[in-house]
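Enquirer: Chains as they are written, first to last, in our numbering: chain E, 1 to 273; chain P, 274 to 585.
Treat the hints as calculated values from the structure; they're not laboratory data. Note that the structure is a prediction, hence the values are computed from the model and not measured. Some hints could be false.
[As the list claims (entries may be wrong)] To give an idea of the interface, some chain E residues facing chain P are shown, with a C-beta separation under 10 Å as derived from the structure:
1) Asn53
2) Gly95
3) Met127
[Claimed, not checked] Calculated cross-link-like contacts (lysine to aspartate or glutamate; reagent style DMTMM-like; alpha-carbon spacing at most 25 Å):
4) E/Lys164 to P/Glu323
5) E/Lys106 to P/Glu360
6) P/Lys580 to P/Glu536
7) E/Lys106 to E/Asp50
8) E/Lys227 to P/Glu360
9) E/Lys227 to E/Asp187
10) E/Lys106 to P/Asp429
11) E/Lys197 to P/Glu315
12) E/Lys229 to P/Asp303
13) E/Lys164 to P/Glu316
14) E/Lys227 to P/Glu428
15) P/Lys484 to P/Glu563
16) E/Lys106 to P/Glu428
17) E/Lys164 to P/Glu315
18) P/Lys314 to E/Glu166
19) P/Lys314 to E/Glu151
20) E/Lys164 to P/Asp429
21) P/Lys344 to E/Asp196
22) P/Lys455 to E/Asp196
23) P/Lys296 to E/Glu58
24) P/Lys296 to E/Asp196
25) E/Lys164 to P/Asp319
Quick reminder that beta carbons are idealized off the backbone N, C-alpha and C, glycines included.
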Amino acid sequence: MTVDELSRIANRLRLDVVETVHLAGDGHPGPCMSIADIMSVLFFEEMRLDPANPRWPERDRFILSKGHACPILYAALARKGYFPYEELKGLRSLGSFLQGHPDSNKIPGVDTVSGSLGNGVAIGTGMALGCRMQGITDNYVYVIVGDGEEEEGIIWEAAMAAAKFELGNLIVFADLNNHQSGGHVTDLSSLYPVPDKWEAFHWHVQTIDGHNIAAIRNAIAEAKKVKDKPSVICCKTIKGKNIPYMEDNNAWHKRTPTAEEVEIAREALRDKM
Amino acid sequence: MSTKSTRVAAMEAIQEAARTDEKIVIISPDAVAAARATAFKEEFPDRVIEVGIAEQDAVDIAAGLATTGMKPVVVSYAGFLTMRACEMIRTFVAYPGLNVKLIGLNGGMLGGEREGVTHQFYEDVGILRSMPGVKILCPADAQQAKLAAKAMLEEDGPVYLRLGSGREPEVFEEGTPFAFGKIREVKKYGNDVAVFASGFIMDRAIAALEKLREDGIGGTLVDVSTIKPLDCEGVAKILEACECAVAVEDHNIYGGLGSAICEAACLYHPCKVIRLGLRDVYPRSGVAAELLDAYGLSVQDIVAAAKDAMKK
């Protein structure tokens, strides 16, 4: 796919999120927008998946550790063909399989439960180890973590373990939008600078613009060249990206767009999808 | 009464099973020595995943491994596993029903008796019993622990095996069977009172039953080695026969065996049940026998509770 095509898919996913959260009347739209470009590259170019066989042992694995951003995961899975697009309307509703956070029990294409923050890197470490121990050497485990999420101690327990096991098949995206539920990450913690932390834990570290499709693509290629270390791709991003009233506005961490706001989003993205 | 380590016995079973099942791996948050898994590590060096002192990480890594078809056995101290990694067990192992086995060492006051509150764990069964989908085994001595470990590996899904310090009395004869999910009558001198016991306090329960017999009271002693799922049918039959009971465990009186027996009694055969365990307090360091006596789990305490249960 071309960079332009992947960028358009990212924006289509953004609009899917606005529309489905509006219909559901509940959800976290803002945190979806910062990872839309990463999701587009992973799901529509990079990952080895078979929607007809979601449990294919040799598939790539994907963990949305910041699970509250699941509306964009569900949109990507629907557009990838795991389930009909119409199912997105059921988000967070009794009777729908689309749970409020990613749920491997109920949703085809979801590899683990996630959304209790901090656990994705550790679970991904187990998946990467499990694949390697069973002789699957050409697949990858991708994890997206938020920046606020990296305040959780288990992130760093897992960082230590994955480095010790030299898991070159584990690639983590750190979505650095500098927002978390309660405000700016830089106000609530001393986490920043983030890349230094991962360096200190012996990971292969890159820092990119998380909205630059070519940069995301290149970073994955670079990460794959490193066979004896897990990789983290630190992505500078904007929460609410490309939705005018959401950009860098933490009020949209969890909020339902009105019908009028859906229209504004449609208008803003009309020529970009 | 001679002693044999439940830790050694359980690990023997796991090592034997690992010879024919290459998916079995041990996840250790620096617990290889504590779990007596050194011999396992020598035989299968690539199948011990040492994560360092990080129990939460250990459980999540086990969950990830299990999604790929591996059969991870996480070994750690009972409280570090069930309390520190509680949420990881609940959300990432129990909810998806992954095939992760959990071994908790030093279950109860026994085991951590000299260590004090930080290393004594009398909440583990209660915590796990409240989680849907987790099966709980509390064997009473080493040979039962070996059979329980074997049974654990044969069960699909999450199972918790409660082990002790490594100094457990051998209470049962060689060849005593272990049946997953079933209670077992250990001694039956009569139907005056039922004594349900679980874990390494069984020696005291046996002694109490003998003392009751000397006093002219014929009791039935029942080993409850599977706390969840509880053999409700078996428990109900015992209660129907005896009409009163004592539940004895090295655990807080809330949440463990006593609670489980009372719940079954309420539903299937209401009668008087006295719970003997730690009476909702934090104990202190001490020599094992003295500590159990000091906190209401002496043989005499069990005898007195049985007599109390028999009063209408």
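Enquirer: Take a quick look at whether E/Lys227 and E/Asp187 sit within 25 Å of each other, Cα to Cα.
Expert: violated, 36 Å
Enquirer: Hint check: E/Lys164 vs P/Asp319, CA-CA at most 25 Å. Holds or violated?
Expert: The given pair, whose Cα atoms are some 14 Å apart, holds under the 25 Å limit.
Enquirer: For the pair supplied as a hint, E/Lys164 and P/Glu316, is the alpha-carbon distance within the 25 Å limit?
Expert: holds, 21 Å
Enquirer: Hey, P/Lys580 versus P/Glu536, does the alpha-carbon distance stay inside 25 Å?
Expert: Cα-Cα ~22 Å, so holds.
Enquirer: Checking one constraint from the list: CA of E/Lys227 to CA of P/Glu360, max 25 Å. Satisfied?
Expert: violated, 32 Å
Enquirer: May I ask you to test the interface hint for E/Met127 with respect to chain P, counting a Cβ-Cβ separation under 10 Å as satisfied?
Expert: Since the shortest Cβ distance to chain P is 4 Å, the answer is holds.
Enquirer: Holds or violated: are the alpha carbons of P/Lys344 and E/Asp196 at most 25 Å from each other?
Expert: The hint is violated at about 35 Å.
Enquirer: What's the verdict on E/Lys106 and P/Glu360, does the C-alpha distance respect the 25 Å limit or exceed it?
Expert: holds, 20 Å
Enquirer: Going straight from one Cα to the other, do P/Lys296 and E/Glu58 come out at no more than 25 Å?
Expert: Holds, at roughly 17 Å.
Enquirer: Given the proposed pairing of P/Lys455 with E/Asp196, does the C-alpha separation stay at or below 25 Å?
Expert: Roughly 55 Å separates the two Cα atoms, so the pair is violated.
Enquirer: Holds or violated: P/Lys296 with E/Asp196, Cα cutoff 25 Å?
Expert: This hinted pair is violated, its Cα atoms lying about 37 Å apart.
Enquirer: Has the given pair, E/Lys164 with P/Glu315, been kept, meaning a C-alpha gap of at most 25 Å?
Expert: The hint holds at about 20 Å.
In summary, the structure is inconsistent with hints 1, 2, 8, 9, 11, 14, 19, 20, 21, 22, 24 from the numbered list given earlier, while agreeing with the others.
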